[in-house]
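Participant: Listed here are the chains, written in short residue letters.
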Amino acid sequence: MVAYFWFNFGYNNEIRILDDAKVQNVRVVDRFNNRQHIIGTIFLTDKHLIFVDPEGKRETWILHSLILSADKLPTTQQGCPLRVRTKHFFSIEFIIPKERDCVELHATLNQLKAESHEKLYCYLYQAPNYLEKIWDPFLLATEYMRMGVPNRDWKVEDSNSNFDMCDTYPPIIYVPMSTTKQMLIGSSKFRSRGRLPVLTYLHPNGASITRCSQPLSGFSARCLEDEQLLQSILKTNSHSSTMYIIDTRPRINAVANRAAGKGYENEDYYSNIQFKFCPIENIHVMRGSLQKVLDACEMKNPSMNQYLNALDSSSWLQHIKAVLDAAIFIARAIDIEKKNVLVHCSDGWDRTAQCCSLSSLLLCPYYRSIHGFRMLIEKEWLSFGHKFSDRCGHTRTSDNKEQSPVFLQFVEVVWQLTQIYPTAFEFNERFLISLHDHSHSCQYGNFVGNCEKDRLDLGVKERTYSYWNYILQNVNDFKNPLFRPQSTYASEVLLPTIHSQTLKFWMNMYHRFDGSILPKENIPNTLTHLIDHTAALNDHARLLEKRIRELRTILENANEQTNHSTTSLPEQDGSSSETEPSQTANKNLPPLSLSSDVESGINSDYSPSDRTSVSPPLNLQHQSSGEIDDIPTIERIAFELNSIALDWRSYQAPLHCTCSLPFDSAQRKYNCWRCGENFCIRCIEHGVRLPGLYSNSLAPVCKTCARSIKSSLSMFENSTPNKSNDQKQAEMKSSLSINDENKI
Amino acid sequence: MSRNFLEKSKIYLCPGKYCGYQNNSTNCGACQRGYRVNTESICQLCHETLSLYNFMYIVFMALLALSFHWYFINRLQKKKQREFTLVKQTILYFLSILEILLAFIFTLLTFPPIGKLTMNVCQVKLLSDFYPMFHNPIVNYRKKLRCSYEVVYPLQSAIFVLYTYASLIMLLLRPLFVSIIHQKFISASIYSALHFYPCLLILHALCGGFIYFSFPILTITSAIFLNAIHFTLIANGENNWISFIRKLCGNIQNWIIYLVHVILLLCGLISLTQFEDEYHLILLPTVFLPVFRDHLQSYPESIVNVTLHNVIITHKQSDGNYKELWIFYTNMDAIQPKFPMKTEFRSQLPLSPSMSSTYTIIVRLKTLETCYFDVSVLDDAIKLAESLDALITYTDGLNCDVTFLFPFCFPRDFEVIQDGWTAFSVESEFSRLQAISDEWRISDVNKNFAICETYPERLVVPKSITDEYLKRSAQFRSHGRFPLLCYLHKSSKSCIIRCAQPLIGSSVRRCKEDEGLVNAMLTQRHKKGWILDTRHANVVKSAQNKGGGCEPDQHYALWKRLHRHLDKHNVLQESFTKLMDACIDQSEKDRWLSKLDNSNWLLHVKEALTTACIVAQTIDCEETSVLIHGSDGWDTTLLVTSLAQILLDPDCRTITGFEALIEREWIQAGHPFRLRCSRSGFGRSTHGQESPLFTLFLDCTWQLLQQFACSFEFNDTLLIELFQHAYSSKFGTFIFNNEKEKLKYNGIKHTVSLWSYFNRPEILHAFLNPFYEPNLSVLWPSVAAQSIILWRSLYLRFYENQIPQREVWDEYLLIKGKEIQLRSYVNKLRQELLELERKCTEKTNMIKTEKDSVVTI
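In the order they appear, the protein sequences are chains A and B.
Sequence positions in the first sequence follow the working numbering and run 1 to 744.
Sequence positions in the second sequence follow the working numbering and run 1 to 857.
By construction, these hints were calculated from the structure, which means they are not laboratory data.
In this text, a Cβ means the ideal position worked out from N, Cα and C, and glycines have one as well.
One thing to keep in mind: the hints can contain errors.
Stated by the list, open to error - Derived DSSO-like pairs (lysine-lysine); straight-line CA-CA distance at most 27 Å:
id, chain 1, residue 1, chain 2, residue 2
1, B, Lys-818, A, Lys-479
2, A, Lys-113, A, Lys-292
3, A, Lys-119, A, Lys-401
4, A, Lys-504, B, Lys-493
5, A, Lys-546, B, Lys-125
6, A, Lys-546, B, Lys-595
To be verified - Estimated spans, in silico, between C-beta atoms of each pair:
id, chain 1, residue 1, chain 2, residue 2, range
7, B, Val-808, A, Arg-668, 16 to 24 Å
8, B, Asn-538, A, Lys-300, 24 to 32 Å
9, B, Leu-776, A, Ser-91, 52 to 60 Å
10, B, Asn-538, A, Ser-91, 47 to 55 Å
11, A, Ile-39, B, Lys-528, 30 to 38 Å
12, B, Ile-436, A, Arg-668, 37 to 45 Å
13, B, Leu-776, A, Glu-402, 53 to 61 Å
14, B, Leu-796, A, Lys-300, 27 to 35 Å
15, B, Glu-415, A, Gln-36, 42 to 50 Å
16, B, Leu-796, A, Ser-491, 47 to 55 Å
17, A, Gly-218, B, Val-808, 50 to 58 Å
Unchecked claim - Cβ-to-Cβ under 7 Å is the rule here; a few derived chain A residues that face chain B:
id, residue
18, Val-156
19, Tyr-307
20, Leu-308
21, Lys-520
22, Leu-544
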């Protein structure tokens, strides 16, 4: 649990513990085992609430910006319970012996929540060194260019560059070629909050998805410009004479909106449209439903029936299905019926964002890669103004009624799709969870604010770190090892058949902090472990091949030298200072050419491709002058061999990290590439260059190994090693014996 | 949908056997002629073509009349021998044959289909079908519903018509021959016929049903008897053989009589065998051009052949070759015909384009798959459905011979590497046991299944206990299932023991030998044990009244008792049926989760796992032995003991170990597989003994596999395969109820063991878990409600396409393989590098010394 927090939320050594913010003898009850109590101490820092359990050596870190609520429950005999719930579904109940402490803690916690956007965590956050405040610029234009826009049907329109037409839209928008400025302005005035129909996705077959908000039609109002705009959208697609307008609200909600002067397009006024309602409930229903799910998850030792009943009554999965169904409907309309689709809900930033992004995801394989998925989120959610700050409740002042798990639903639907098509997505579950968490944590500036304009005003790009940068730096953690772009099963366009039975409950999202009920051993983690190990071995093997090549050239050269008794030879470091132990052996030396033939014969068994490069026609002088620095010495090779572990400790085996932190299934274990042991995130250093790797890339290494690597590296660089031959031999032997042991 | 429809109509079933709704009428009553009531109380047009047996019945009745004719013609000859010449007699004989033949043909032509030499017949099921007037129901003890009509139409009326025709033709035909035959002979023959025809008619009206069911036997016996009598009459007065034979051969009449008798005998035999054979269950052997489909693909224009063991679907592939699909009746669970009978009925099948003209038969398989037959002809569809239904009921029935089942006909089509029948013998298990403790021996006390029918012949018992003790103990236990060791824990030496309930009864009998036996199994260190009863305390009490019960504390002082109720039989079956009902339900209205909740299946899984965990905890942590029993000790007991072993014993988590566990704890322990697996999630059998206990066991194992993905050598493919083979298999492993039955039918010789099939590298490959790392510790799974999840890959296999899963496993294998390969490659490279390095050093040194020497020179 602990490591998980660090992993996600930047463990920082510089902790500033607030004055007097320390409560001792706090008891925490294990939900699944009532008899077991953990007694520990709560510390408060300016960023975290930390609960330390000295006996179990566990620490629980809770980021203040993630705290959803801290409730003081009625006092009992044992003390005053304080329940802290976080936005990423962690719930803990502290029982504080003194009521006064509890009240104070409660008040402090509430105070520590950022009161305005200016005080959000992203402005305080100090990332590790490898992350820089670089914002890889996202250009909406590049993404549209990829889809082939602008083309003869669609054009760029920059009339929103000052956000004066619609303040929640990006500065540039894409509209049909035949539109005029007047049409756009007219349409934007007719649409709620000025969100006029604009292009979001263009399918290769010419069908497109456009999005907007509800028209201010009421019962009879009409707007000719809007009708013209829709006509021109229809005309962009030559395959079909009609287009779909999808209202993602239930019909009754849409009708109710009509009474308030909003509503939906009147089919009498708009010709050639097909109207369809996709009943996705509004944010308030979704919020209630999620609350019921969380209540079900938090039940103390429920019976099977209670638990299923609670899940059922939440209807969460039904809502998920509704979203997915709508997305599949749109994808079908686009891909099979080849019709244009216009999607809107009330304001066009919640359900519309869900449906548009999901149907794009189904339609285009590009969006299923990590980079493409980022583009999708940037485009559909960030550019088109999903109100992250309001929906996630980033600040203390934000309205509770505006909060809703809209983005969570999107993430969950993507997860459901990854379950149906395990090989179609480049990213894994961890990525989705991290995405959800960081949309709430405000650690990175990406999800701060309600729209592009907000983020510009807040200056997030200058003052905060980018989440995508963090993902790119740790991309191996988020890759799905099963990803195959050309899968035999999943075609380019995914059109799954969804029954209510198909949808699973996302245990790893909602139960991820309940280590005791999650599977003890799971395949995805083991798989990552295997993939990492393969990567390490692969890299190492390439270095070994290179070294073998080098040595063989040296041997051949040396051979030539002996034949022609030339004068100079590549001097090896340290060899000059050595005294020759035996002279008699030289006379009986077997002809080297023979031995090298034998060697190369062995070599050809497994790396025949390298044979050509093994013996390049080498000029001796060139060799001695050019590559003299790179010639491997025994020490160097032994050092290189020692720097990579051949076998890794089984992923399952250790229950504790060396720092005595107990592992549980939720957290990721890291293998030190040098010693092969498992470590928690705190005990591993990520950016170490190992000499045993060909690619010279950064590898995770445990702290002990990192220290020894650094010291020996410096030793290599500064002084030529003065080891005797015996020592070298011993070292070589030891490395060999390590191999042997490993083999056993 | 179809289910709902059936249930709806069942509510309004008519009273009485033969009352039904006529087309569109709202009142129950007699059906019209040519109609017959079906199971849903609707009068259905009879469509069955004349079966051989029915045909033979009419032939028999015709022959009866013919024989009477001949008899009287014969008598004429005896009376007026001189004038009545052989020629005249023969003409009369032939005349009578002609009359009857013509009458027979006319009869066939008369009945529908009119003008064809066949008839449509209502199926005769029971004797009472001939006498419906005795089965008129009295509604509410007041009003008698008159539902008599000709149920067996036209078998009854056909005979009347036949005889009428015969007499009419006779009256027309015979007078024409007056000139050849004398008038007095003609009139005599006609008079006699006019006498016996009414007699025959009355006989038929009264005893038609009896004759129908007994005519083959009647024919055979009468043929034999008459023949015998005839020969006796000829032989009468003859003393020597030669003159008798001469007399016999000389008269052509004797030959004819003999021939007629032989034909009669043959007819009888044919009818008799026809009736007894299972082939009569097949009403329609071949259906042409239906569309057969399952949830993945459809096979249009296939040919469906109904054979004795299976339905063979032959369909033409795209490349022009024919491919056969076999579906065994033992694999069929329920037949749900879905005929659009009413106008409001709309087809709502998956994959089915709205084809209103086809009649779909949904076949639910025991392996939880579904397939559909779309037949375009209603008659064919009905016949197909009825044949399948009859065959399923037959193969699942208690009186169906095991040797009739497919495993007995299945030829082994692969090479056996290791014979599965002998792979897991008592001896091999015992040798494993001996490594842990030497306090046990193998006993032959159950030789020839003398003391317990459901145990194997050789058993492992404590060394200190004699066979006499075992016999006594067996008498004290239900079904002779005395306490038996099933697992000995390595570290604590505590053991799991299973048995059946003790027969203490209400008088609380005791058996000192049983107590001694049980106590002998306790460990030396901890002289205490737990008795785990898988029944609720109340159930135990009621069992006690019936002679069973649970060990009383006062007699088993070293043992503490614990009740953990686990449902079985009907409750479990019902739960499974509900689960499958929820799984196949595709309507949007009903909430899937609440249906899942209602089925209680996950609750059963949770309870079983919890009980197993309690046992494991007792064995491993408290180091005390556990004795487990329910009522008979072959259902829930086995569930608990086997699950506990998976938790405790790392060997059971390997493929061979798991097979051994199933062989030991389920098959040899006498779980009645044939009864329990006779139906799975959709149908109900006639005997009501089915129960998905083994499925529950596999599900629990899957839950463990889910939580400890790397501790098992196998993946869930093995579990699914086992599930399938338990319900329907071409192997003999799961088709017997116990070891005795296996021996009785010589199953080892005649069938192939599933393990022989499994334990071959090419099959085993699919079961391997690439992430397996032997985990020697005891597994402690989470049994919280949140951790118990539905086994989708089995129960929802009907929906979920398995292809991505398979692809994923292949990928896993690939990744693992790559890692292993790379590791050995790196190791090789390292060795080589060091070797090179060594040579290099030597070389350098050598050159250096050479240089040095040059310098010195």
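Participant: Lying within 47 to 55 Å: is that true of the beta-carbon distance Asn-538 (chain B) to Ser-91 (chain A)?
Facilitator: violated, 39 Å
Participant: Holds or violated: Leu-308 (chain A) as interface residue toward chain B, Cβ cutoff 7 Å?
Facilitator: With a closest approach of 4 Å, the Leu-308 (chain A) hint holds.
Participant: With 27 to 35 Å as the target window, see if Leu-796 (chain B) and Lys-300 (chain A) comply at their CB atoms.
Facilitator: holds, 30 Å
Participant: At a threshold of 7 Å, is the proposed contact between Leu-544 (chain A) and chain B supported by beta-carbon distances?
Facilitator: This interface hint holds because 4 Å falls under the 7 Å limit.
Participant: Please work out if Lys-113 (chain A) and Lys-292 (chain A) have their alpha carbons no farther apart than 27 Å.
Facilitator: At roughly 25 Å apart (the allowed maximum being 27 Å), Lys-292 (chain A) and Lys-113 (chain A) satisfy the hint.
Participant: Is the shortest C-beta separation between Lys-520 (chain A) and chain B less than 7 Å?
Facilitator: Holds, because the Cβ-Cβ distance from Lys-520 (chain A) to chain B comes to roughly 5 Å (cut-off 7 Å).
Participant: Look at the Cβ atoms of Leu-776 (chain B) and Glu-402 (chain A) and judge whether their distance stays inside 53 to 61 Å.
Facilitator: Holds - the Cβ-Cβ distance for Leu-776 (chain B) and Glu-402 (chain A), about 54 Å, lies within 53 to 61 Å.
Participant: For a C-alpha distance cap of 27 Å, please report whether Lys-546 (chain A) and Lys-125 (chain B) respect it.
Facilitator: violated, 86 Å
Participant: Is 42 to 50 Å right for how far apart the beta carbons of Glu-415 (chain B) and Gln-36 (chain A) are?
Facilitator: violated, 56 Å
Participant: Given the range 30 to 38 Å, decide if the beta-carbon distance of Ile-39 (chain A) to Lys-528 (chain B) lies inside it.
Facilitator: For Lys-528 (chain B) against Ile-39 (chain A), whose Cβ atoms are near 34 Å apart, the range 30 to 38 Å holds.
Participant: Is it true that Gly-218 (chain A) and Val-808 (chain B) lie within 50 to 58 Å of each other by Cβ?
Facilitator: holds, 53 Å
Participant: Starting from the hint 47 to 55 Å, judge whether the C-beta atoms of Leu-796 (chain B) and Ser-491 (chain A) obey it.
Facilitator: 22 Å Cβ-Cβ, so the 47 to 55 Å window is violated.
Consistency note: the structure conflicts with the earlier hints numbered 4, 5, 6, 9, 10, 15, 16, 18.
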